[in-house]
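> Under the working numbering, think of the first position of the sequence shown as 209, with each following residue one higher.
It should be emphasised that the hints constitute simulated quantities derived from the structure, not laboratory data.
Please note: incorrect hints may appear among the correct ones.
Straight-line C-alpha distance at most 27 Å; calculated BS3-like pairs for lysine-lysine [stated by the list, open to error]:
hint	residue 1	residue 2
1	K418	K428
2	K405	K435
3	K418	K405
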Amino acid sequence: MSDDRPDLPRLPDLPDLRASDADRERVAEQLRDAMAEGRLDMTEFEERLDATYKARTYGELEPLTRDLPSHSAKVSMVKRPAGDNPAAIDWDERMTAGEPTSTLGIAIWSGFSRKGGWVVGRQFTGFALWGGGDIDLREARFTERDVEIRCFTIMGGLQVTVPPEMTVVVKGFGIMGGFDDRATGEGTPDSPRVVVKGFALMGGVGVDRKIRKIEKLRLKEERRREKLERKQSRRQIHP
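Starting from the given sequences, assemble the full structure and let the hints guide the process.
Below is the structure:
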């Protein structure tokens, strides 16, 4: 079958073409993904990131992602819309038709953890008795847009962590314990609606909004880039 769309220029054919800030940011995004997936350690990530922001041409950018699996989607000539946040969550991409990774977490004199790219179904139940559990939804994928997280603790603790972009409703209560509802609020359009409910008896359930690891890296990179730009500016003024 033929493809009527015009081919985009490929990076190896344009090694001397000057790279833009948007091009450098797309390479930095790919490096962030590789770091989050464990393909690059912190030292490798920082070295490549420094080289990314110092690169002036496509030929200098190309080797930085050559050994990464998504390298087939090389830096293209298609620009992002102005103001586009490369770390923003694409909720449609987070939805999946697969089976939930887990529907139950139990901690009795022990602990459990659900985090990373796990698949959350319509309902997940966490129980802690003299133990603790960590339910992290920041990188999770979802089979439904309406999700119920049920949390029950008896002299134990459960921690639910969600990204700032998620719609959250907290309905739980505590008996000689605490059930934190400060995370209740609207998220970005099309985000799943997560209801956290249950009770804490002489224990606690915390629900917190925290930025994702990739966003922390992006903010760190921005500060580093701004510092580098200030340094270069001073050098131009006082050579």
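> Hints first: check each against the structure and report whether it holds.
How the hints compare with the structure:
1. For the given pair, K418 sits about 15 Å from K428 by alpha-carbon distance, which is consistent with the 27 Å threshold.
2. Annotation: proposed proximity of K405 to K435 is violated, straight-line Cα distance about 45 Å (limit 27 Å).
3. A threshold of 27 Å between alpha carbons decides the hint, and for K418 with K405 the separation of about 19 Å falls inside it, so the pair holds.
Violated hint for the displayed structure: number 2, the only one.
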